[in-house]
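Residue numbers (the numbering used here), protein chains in the order written: chain Z, 1 to 135; chain B, 136 to 218.
It is worth saying that the hints were derived from the structure and are not from the lab. Any given hint could turn out to be false.
Claimed, not checked - Which chain B residues face chain Z? A few, computed with CB under 7 Å, are given here:
hint: 1; residue: 170
hint: 2; residue: 189
hint: 3; residue: 201
Stated by the list, open to error - Derived list of chain B stretches under chain Z, where covered just means 3 residues or more per stretch with a C-beta under 8 Å from a C-beta of chain Z:
hint: 4; region: 171-182
hint: 5; region: 190-198
hint: 6; region: 202-214
Here the structure is a predicted model, which means the values were calculated and not measured. Every residue, glycine too, gets a C-beta built ideally from N, C-alpha and C.
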Amino acid sequence: MKLFTADAVAVLSYLADTIPHKSNEIFKQAESGLVRIQVPEIAVGEVIYTILKGKEVFGVIIPLKKILLLRNVLETSKNMFSVNLTINGWRKVRGIDLPDLHDRMIVATHLTTDSQALLTDDGKIRELKEAEVIW
Amino acid sequence: MSANATTQIKISKGQITLPEYLREQYEMHEGESILLIPVENGIMVKRRCDMKSLRGSIKEIDVGKASKYIRKLRSELRIKGDL
Chain Z
1 MKLFTADAVA VLSYLADTIP HKSNEIFKQA ESGLVRIQVP EIAVGEVIYT ILKGKEVFGV
61 IIPLKKILLL RNVLETSKNM FSVNLTINGW RKVRGIDLPD LHDRMIVATH LTTDSQALLT
121 DDGKIRELKE AEVIW
Chain B
136 MSANATTQIK ISKGQITLPE YLREQYEMHE GESILLIPVE NGIMVKRRCD MKSLRGSIKE
196 IDVGKASKYI RKLRSELRIK GDL
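Can you build the whole structure from these sequences, using the hints too?
Printed below as a string of structure tokens:
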């Protein structure tokens with residue numbers, strides 16, 4: 001089964017149901033059990049932090065139970081789950097030509113697993129030759 | 136039975152039976168697979184959560200604002216040159 005990697009913006013777009021067509025097709029396939037989507041732990045952190053900062057970022061407080069639902073899915077779903085960066089991944093982090101540590105960690109997760117493509121809106125990641133990007 | 140009441144059950148030949156009221160409360164149906172998740176002081180029993188339940192679950196999210204905010208967060212851990 002094909003594996004894809006989603007970053008925080010991809011996950012947040014899915015939660016808002018405003019994800020662009022190409023990435024949405026991957027999410028639809030995952031919902032049908034045809035592919036799997038992994039979410040790097042750093043992206044999980046960014047998603048949760050952004051939701052917790054709802055008042056500051058979106059002007060509204062987002063109920064905590066919505067975070068618990070996300071955690072439940074990541075803990076129990078076969079097709080959408082969180083993934084840790086391995087030591088091998090950290091070795092990869094060193095050589096990735098991106099300025100931000102989070103971006104490097106996300107790309108390293110993609111490159112050191114069987115991931116087919118990264119679901120992200122990030123322009124800098126899209127410019128990397130070694131990472132296939134879908135958005 | 137209260138939703139938070141502790142229930143004691145016996146292990147028989149390595150098997151346990153979940154009481155009917157708990158199966159009903161957590162919508163655990165006959166033949167369905169459930170997950171046993173080791174936690175610090177025991178084993179947690181959970182149903183699989185369908186990822187579809189997440190789609191559109193937080194309509195309050197403005198993705199443009201979220202993207203901008205996350206970019207700012209990421210820039211706070213910026214690396215100059217190689218590690």
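Cross-check of the supplied hints:
Residue-level restraint check for residue 170/B holds (minimum Cβ-Cβ distance to chain Z is 6 Å; threshold 7 Å). The criterion of a C-beta within 7 Å of any C-beta in chain Z is met by residue 189/B, whose closest approach is roughly 5 Å, and the hint holds. Because the smallest distance between the Cβ of residue 201/B and any Cβ of chain Z comes to about 5 Å, under 7 Å, the interface hint for this residue holds. Residue count for the region 171-182 of chain B with a Cβ under 8 Å from a Cβ of chain Z: 3. That meets the three needed, and the coverage hint holds.
For the region 190-198 of chain B, the stated coverage by chain Z is satisfied: 9 residues place a CB nearer than 8 Å to a CB of that chain, which reaches the threshold of 3. Counting residues of the region 202-214 of chain B whose CB lies closer than 8 Å to any CB of chain Z gives 9, which reaches the minimum of 3, so the coverage claim holds.
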